[in-house]
Amino acid sequence: MAKKSVQALMRPSHLPLILLGAAMTVYGLTMALVGSWFSNQAMRGLITAGAYRARMAAFDAAAGIVAGLLFCALFIWCAVSARGGVRVAFAIGAVASLAPVLSARAEELLFSRLGLPTMNAGSVLAGAVTTLLFALPMVILFILLASGPGIPAGCRWLSLLSIFIVLATAFFPIYVTVLAFLIKPGDPAVGRMIEVSSQVIKLRYILPGLSFLLLAGISARFARRGPAA
Amino acid sequence: MKQNTGKRCPSRPAILFLLAALILASCAPKAAEPTPQPSGAAAPAGDVYAGLNLIVPNKYDPPIDMTSVTTVNATVKFLNGDDIHNNIWTRTYRDVLGINLKYQWVVDGSMYEQKLGLSVNSGEIPDMFVVGPSQLLAYQEAGLLADLTSIYAAEASKNTRFILDQDPVALKSATINGKLWGIPLTDGSVTSASVLWVRQDWLDKLNIPAPKTMADVLEISRRFTEDDPDGNGVDDTIGLAATKGIWGAIAGLQGFFNGYHAYPGIWFDQGGKLVYGSVQPEMRSALLALQDMYAKGQLDREFGVKDINQVTETIAKGKCGMEFGVWWNPYHPLNLSQQNDPEAYWAAYPIPSIDDTPARSQYSSAIGSFLVVRAGYEHPEALIRMVNFWTDNIVLTQDDNIRRIFLGDINAPDVVLYKYTPVVLWAPNGTIETGRKVREALAKHDPSGLDLDAQWRYRIIQAYFEQGVKEAWVEVATNGPNGSVPILEGVLGDRGMFNRFYGTPTPAMAAKMPTLETMEAEMITKVIMGEPIEKFDQFVEEWYRLGGTEIVDEVNLWYSKNK
Amino acid sequence: MNPRIYKLPFFENLLNLTVLALLAALCLFPILHILALSFSSAAAAASGRVAVWPVEFTLQSYQFVLDNPAFGKSFIISLLRVLVGTPVNMILTILVAYPLSRPRDKFRARDFFAWFFIITVLFSGGLIPWYMVIRQTGLIDKFWALILPGAVPVFNVILLANSFRTIPKELEEAAAMDGAGHWTVLFKVLLPLSLPVLATVTLFVAVAHWNSWFDGLILMNSPDKYPLQSYLQTVVVNPDPRMLTERDLDLLKIISNRTTRAAQIFIAMIPILMVYPFLQRYFTSGIKLGSVKG
Numbered sequence: 001m002a003k004k005s006v007q008a009l010m011r012p013s014h015l016p017l018i019l020l021g022a023a024m025t026v027y028g029l030t031m032a033l034v035g036s037w038f039s040n041q042a043m044r045g046l047i048t049a050g051a052y053r054a055r056m057a058a059f060d061a062a063a064g065i066v067a068g069l070l071f072c073a074l075f076i077w078c079a080v081s082a083r084g085g086v087r088v089a090f091a092i093g094a095v096a097s098l099a100p101v102l103s104a105r106a107e108e109l110l111f112s113r114l115g116l117p118t119m120n121a122g123s124v125l126a127g128a129v130t131t132l133l134f135a136l137p138m139v140i141l142f143i144l145l146a147s148g149p150g151i152p153a154g155c156r157w158l159s160l161l162s163i164f165i166v167l168a169t170a171f172f173p174i175y176v177t178v179l180a181f182l183i184k185p186g187d188p189a190v191g192r193m194i195e196v197s198s199q200v201i202k203l204r205y206i207l208p209g210l211s212f213l214l215l216a217g218i219s220a221r222f223a224r225r226g227p228a229a
Numbered sequence: 001m002k003q004n005t006g007k008r009c010p011s012r013p014a015i016l017f018l019l020a021a022l023i024l025a026s027c028a029p030k031a032a033e034p035t036p037q038p039s040g041a042a043a044p045a046g047d048v049y050a051g052l053n054l055i056v057p058n059k060y061d062p063p064i065d066m067t068s069v070t071t072v073n074a075t076v077k078f079l080n081g082d083d084i085h086n087n088i089w090t091r092t093y094r095d096v097l098g099i100n101l102k103y104q105w106v107v108d109g110s111m112y113e114q115k116l117g118l119s120v121n122s123g124e125i126p127d128m129f130v131v132g133p134s135q136l137l138a139y140q141e142a143g144l145l146a147d148l149t150s151i152y153a154a155e156a157s158k159n160t161r162f163i164l165d166q167d168p169v170a171l172k173s174a175t176i177n178g179k180l181w182g183i184p185l186t187d188g189s190v191t192s193a194s195v196l197w198v199r200q201d202w203l204d205k206l207n208i209p210a211p212k213t214m215a216d217v218l219e220i221s222r223r224f225t226e227d228d229p230d231g232n233g234v235d236d237t238i239g240l241a242a243t244k245g246i247w248g249a250i251a252g253l254q255g256f257f258n259g260y261h262a263y264p265g266i267w268f269d270q271g272g273k274l275v276y277g278s279v280q281p282e283m284r285s286a287l288l289a290l291q292d293m294y295a296k297g298q299l300d301r302e303f304g305v306k307d308i309n310q311v312t313e314t315i316a317k318g319k320c321g322m323e324f325g326v327w328w329n330p331y332h333p334l335n336l337s338q339q340n341d342p343e344a345y346w347a348a349y350p351i352p353s354i355d356d357t358p359a360r361s362q363y364s365s366a367i368g369s370f371l372v373v374r375a376g377y378e379h380p381e382a383l384i385r386m387v388n389f390w391t392d393n394i395v396l397t398q399d400d401n402i403r404r405i406f407l408g409d410i411n412a413p414d415v416v417l418y419k420y421t422p423v424v425l426w427a428p429n430g431t432i433e434t435g436r437k438v439r440e441a442l443a444k445h446d447p448s449g450l451d452l453d454a455q456w457r458y459r460i461i462q463a464y465f466e467q468g469v470k471e472a473w474v475e476v477a478t479n480g481p482n483g484s485v486p487i488l489e490g491v492l493g494d495r496g497m498f499n500r501f502y503g504t505p506t507p508a509m510a511a512k513m514p515t516l517e518t519m520e521a522e523m524i525t526k527v528i529m530g531e532p533i534e535k536f537d538q539f540v541e542e543w544y545r546l547g548g549t550e551i552v553d554e555v556n557l558w559y560s561k562n563k
Numbered sequence: 001m002n003p004r005i006y007k008l009p010f011f012e013n014l015l016n017l018t019v020l021a022l023l024a025a026l027c028l029f030p031i032l033h034i035l036a037l038s039f040s041s042a043a044a045a046a047s048g049r050v051a052v053w054p055v056e057f058t059l060q061s062y063q064f065v066l067d068n069p070a071f072g073k074s075f076i077i078s079l080l081r082v083l084v085g086t087p088v089n090m091i092l093t094i095l096v097a098y099p100l101s102r103p104r105d106k107f108r109a110r111d112f113f114a115w116f117f118i119i120t121v122l123f124s125g126g127l128i129p130w131y132m133v134i135r136q137t138g139l140i141d142k143f144w145a146l147i148l149p150g151a152v153p154v155f156n157v158i159l160l161a162n163s164f165r166t167i168p169k170e171l172e173e174a175a176a177m178d179g180a181g182h183w184t185v186l187f188k189v190l191l192p193l194s195l196p197v198l199a200t201v202t203l204f205v206a207v208a209h210w211n212s213w214f215d216g217l218i219l220m221n222s223p224d225k226y227p228l229q230s231y232l233q234t235v236v237v238n239p240d241p242r243m244l245t246e247r248d249l250d251l252l253k254i255i256s257n258r259t260t261r262a263a264q265i266f267i268a269m270i271p272i273l274m275v276y277p278f279l280q281r282y283f284t285s286g287i288k289l290g291s292v293k294g
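Protein chains in written order, with our numbering: chain A, 1 to 229; chain B, 1 to 563; chain C, 1 to 294.
It is worth saying that the hints were derived from the structure and are not from the lab. Treat the hints with caution; some may be incorrect.
[Said to hold, decoys possible] The calculated lysine to any residue pairs, modelled on SDA-like cross-linking and capped at a C-alpha distance of 20 Å, are:
1) 102(B) with 213(C)
2) 444(B) with 80(A)
3) 102(B) with 224(C)
[Stated by the list, open to error] If you only want the chain C side, here are some residues facing chain B, beta carbon under 10 Å, derived:
4) 35
5) 233
6) 235
[Stated by the list, open to error] Label-pair ranges, simulated between beta-carbon atoms:
7) 412(B) with 92(C): 45 to 51 Å
8) 63(C) with 557(B): 54 to 60 Å
9) 29(C) with 412(B): 38 to 44 Å
10) 127(C) with 65(B): 29 to 35 Å
11) 36(A) with 63(C): 40 to 46 Å
12) 127(C) with 412(B): 35 to 41 Å
13) 30(C) with 147(B): 54 to 60 Å
14) 127(C) with 288(B): 42 to 48 Å
15) 12(C) with 532(B): 48 to 54 Å
16) 165(C) with 110(B): 42 to 48 Å
Predicted model only: the values in this text are computed from it and were never measured. For glycine and all other residues, C-beta sits at the position ideal for the given N, C-alpha and C.
Chain A extracted, bound-state conformation (with noise of 0.2 Å):
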């Protein structure tokens, strides 16, 4: 079979892929600020803690319902505007905009709907479970985009890299929260831990939003001039 010759993400352009970085960096920047705001606020006694969980509910599940159609839109439209195994990864990647709009609900569904047995630290297995769905599919885009045939390599490299990134702001906060919570409580060194992970936690959509730009980049770099020569 003849190898297939290297070619652009996407066609005509790359706007689909561009708005879809856009949108999720802007939708990781806004949850942080937001989150940032009303925790200071709270831990300074400005706000009592019940009002500071209404708020963040109320505006996580707003924010949420807007980023997941927006995402599921947009990976729609990339996989339209792509082919091959490009399309199959960014219609796997659509999976993980179902995240957003769970992440404010994902105890009510796991404890009251499917009726798990509640349990210590029930809110770190829905934690998991919200990032699990956004995390998973986002890697096997990635490695799809990272191993499939006919994609430009700068943007292999990026996958490759994203892939590794997604996993580490995935699972990194979740580990921190188990060694502190059921394994090792009171450990200094799990102490500071916790706040690494809390600059992680942020990080979640951000940087693969910033993947997709430069993929978005790389890939139009390559269109405009063609194979490397």
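Chain A is already provided as a structure; the job is to place chains B and C on it using the hints.
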């Protein structure tokens, strides 16, 4: 002629059984007797104390002997083959202070008083031991205790005085006729004050504003009962939790009474004299309110037979919306309700008032035990040195190594090292101080400079706000900016009612108070469950008649000498 | 010739069975509940979701209980106590009951000794004298302190002596005519005919030894010598709610850990439950009255 059929010889199996039993029995005592490890057993290799900079001004050389008695309970665990007779504390007393501490006997906490009484009465008095207030008085009168006044004045270190002075009544409660007979085991007093715990998620769901007055509380109680806050369509929730003991650290009702300016069970100053809270007229309105709540189904119909374990169940199941409890309730039992329902969340409020005068939360002195020395022991100052060691090096330390070696290692949270020694004095304001430090760090968003314990609490709160770990709410509800610990600071100020009688029980009190207290609890239960309020008036009359008058006189006699 | 068996009419039978079944269920329910609790998870137990069937099945409580060395040690001590204490008690009881059952003309000092024993049932010196006597006989903190102070339960002696008295004198006279002395009469005539009473008393004694907890707590100087129920007492006790401080939190968590308590209680119940059926037949064998002729 004896007929020996030989068919059945009932004696033979019996004799064999008996023989076997006797053989077993002769082995039994040896098997059941563990060799008590003498405190002089070989010290573990390596100097545990190197680099700790312990302050020990005077070590006994040659070492002296001291006998004592102590309690263990089901939670006390040991590391590395240690036991109660040989552990880090006994080794420290021996190697660092020069005191060979030997326990004559070790018993479970619930039997301590009885066993001590039996021991003392049969003539076996330990050199150093722990007593409660009535035993302190009784033994002092019987001449069994050593006078510690001059020894304390001469040898107590600065830190010991600092801790003992943090609680204004600590030394006074151990003083009889102007002399000091024991070292009080201090602990937080204000930490026993009630705060109001409310299911905040229910308040949010039903859109009810935070409770500011007692009227709000009654209204909230009604809405929690009637408006199905758990959303399951069944009318199974109640507004307020109560137990059969009426008072207590979990679901106790004293906080409710405080909202009506009634202070059951304690003595407070009225016009220069002490009066007993349970027989004051303010109790009436509180009782009527509770009666009304019970009639409307806002209290558990069976609260009169439920102890704290069963009320814990109710709370865990998420059937109850409010309880008057102490600051640490989120750690237990309120955490159970969140484990069963991840959205559950309790918030603390200061006791609301029925009128414009702010309510005061009542609390009593936490001094419940004293370290005493037997009269005739050659080295009474040894006790003061042990106390000094504790206050100078351990309880106020910021050094994490010292904490790990003497208080507890965070990697082994089950092993609580300070339970191995009876000489344990806590800083009365310790909880409030920790809370203050944590809140300051939260405001600055910077935990550097906090000791390990406070730092960990900071991290938990951080995990709650920045990572959405809902289980961390217990720390937020206590040491967070709007938690229960800040409320205690107000109680320490002018929002608290301190029990002004903190002396050892007077003779009439010792004899009659238990009966009077039972009467009181019964009366309150009955009135709440529907009997006419006149029963309260009857109770007041009977209370005075059955010994109350005597007790009031004795208490005021004490008060005139101890203002 | 086949003895006629009287059969109840159908409905009476049904009624009997129903009532008996209900009573049996009533007795079984608490045991099943404890069993179910011991196999359930802690959160399910605390929220009261457990009835007769385990909720969120787990073996954790049993693991915790059986891993705890204190439980194993105290179990063995209780076992030894029953195995040694029951024969000691029974032998002493029999030896005291026999003389007390002889008629006054055979044993003239009988009334004196009877009162000697009965006074101890009516009056007691109190806790402190009891403790002092045990201390001065050097039994404190020894295994025998669990057995010797209670070695002659007078109530059982009275029971057994009365049972000996109901056995017809003619049997003993017949044995005496064949040359039987006191020992032979006791072991070959009286005891075999008193098997139901003996079995009952033995069971009383064994269960009393198994269940007693107070002497263990008071007379032993360290918790590793506690018999099982003393040890259980320390785990199952209820703390005074007025005196709770945050230092008691870990104690509170264990105490409210109903599943662990349930596991411990169930394990403590098992030996008695196992022994009972084997003694059943002694309760139902009748006294052979038919051996008296003429």
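Hint check:
1. Between residue 102(B) and residue 213(C) the CA atoms are separated by roughly 26 Å; this puts the pair beyond 20 Å, and the hint is violated.
2. Among the hinted pairs, residue 444(B) with residue 80(A) is inconsistent with the structure: their alpha-carbon atoms are about 50 Å apart, more than 20 Å.
3. Under the criterion of a C-alpha separation no larger than 20 Å, the hint pairing residue 102(B) with residue 224(C) is consistent with the structure, at around 17 Å.
4. This hint is violated: residue 35(C) has a C-beta 19 Å from the nearest C-beta of chain B, more than the 10 Å allowed.
5. Nearest Cβ of chain B to the Cβ of residue 233(C): about 7 Å, under the 10 Å cut. The hint holds.
6. Taking 10 Å as the C-beta cut-off, the interface hint given for residue 235(C) holds, the closest approach to chain B being about 5 Å.
7. Between residue 412(B) and residue 92(C) the C-beta distance comes to about 49 Å, which sits within the given range of 45 to 51 Å.
8. For the pair residue 63(C) and residue 557(B), the supplied restraint of 54 to 60 Å holds, since their beta-carbon distance comes to about 58 Å.
9. Evaluation of the 38 to 44 Å hint for residue 29(C) and residue 412(B) yields a pass: the beta carbon distance comes to about 41 Å.
10. Between residue 127(C) and residue 65(B), the C-beta spacing of about 30 Å keeps the proposed range 29 to 35 Å intact.
11. At roughly 44 Å, the beta-carbon separation of residue 36(A) and residue 63(C) lies within the given 40 to 46 Å, and the hint holds.
12. Hint check: residue 127(C) to residue 412(B), Cβ distance near 40 Å, so the stated range 35 to 41 Å holds.
13. A beta carbon spacing of about 55 Å between residue 30(C) and residue 147(B) agrees with the range 54 to 60 Å that was offered as a hint.
14. Between residue 127(C) and residue 288(B) the beta carbons are some 45 Å apart, a value that agrees with the proposed interval 42 to 48 Å.
15. For residue 12(C) paired with residue 532(B), a C-beta distance near 51 Å keeps the hint of 48 to 54 Å intact.
16. Against the hinted window of 42 to 48 Å, the Cβ-Cβ separation of residue 165(C) and residue 110(B) comes to about 44 Å, which satisfies the hint.
In the structure shown, a violation is registered for the earlier hints numbered 1, 2, 4, in ascending order.
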